[in-house]
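Participant: Sequence:
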Amino acid sequence: HGKPDLLLMSYHGIPKRYFDKGDNYPCQCCKTTFLLASKLNLKPNEYTMTFQSRLGAGEWMKEYTDKTLKALPGKGLKNVQVICPGFSADCLETIEEISEENHDYFMESGGEKFGYIPALNDRKDHIEFLTQLLLKNAVGWL
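If you want my numbering, it's the position in the sequence shown, counting the first as 1, plus 106.
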């Protein structure tokens, strides 16, 4: 894919009231983002974290993926890559919402290059890892 102006890490959103009541999922997203950025040797201005898939009324965790992608070209960030670390396999939310709808938002706002980095999906090493993880953690259940 080459190095973009920005790597956007998008996670499934939750209503802000869940976080206000103690759900630490957004904190886990922040930690994952930090660990990925560290592993990739990214500087703070080379990545960002957002939340996708808002439904219904009420405030959801921010920043919003769609609004962020619409604003980036105006800030001179015209080459982005998006990854959804919370998804082990691609689905409607990553394929349709991110790589299609949000791609269009970004390009229509003046973006020049948009890349979606797919989930691990059915790669052999990913399936083997999930199998081992399941076997390790299912002791006593099977």
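It should be emphasised that the hints constitute simulated quantities derived from the structure, not laboratory data. Quick caveat: nothing in here was measured; it's all calculated off a predicted structure. Incorrect hints may have been included.
With a straight-line cut-off of 25 Å between C-alpha atoms, the simulated BS3-like cross-links for lysine-lysine are [claimed, not checked]:
hint, residue 1, residue 2
1, Lys-145, Lys-127
2, Lys-219, Lys-181
3, Lys-168, Lys-137
4, Lys-127, Lys-149
Participant: Hint by hint, which ones does the structure fall short of?
Facilitator: 1, 4
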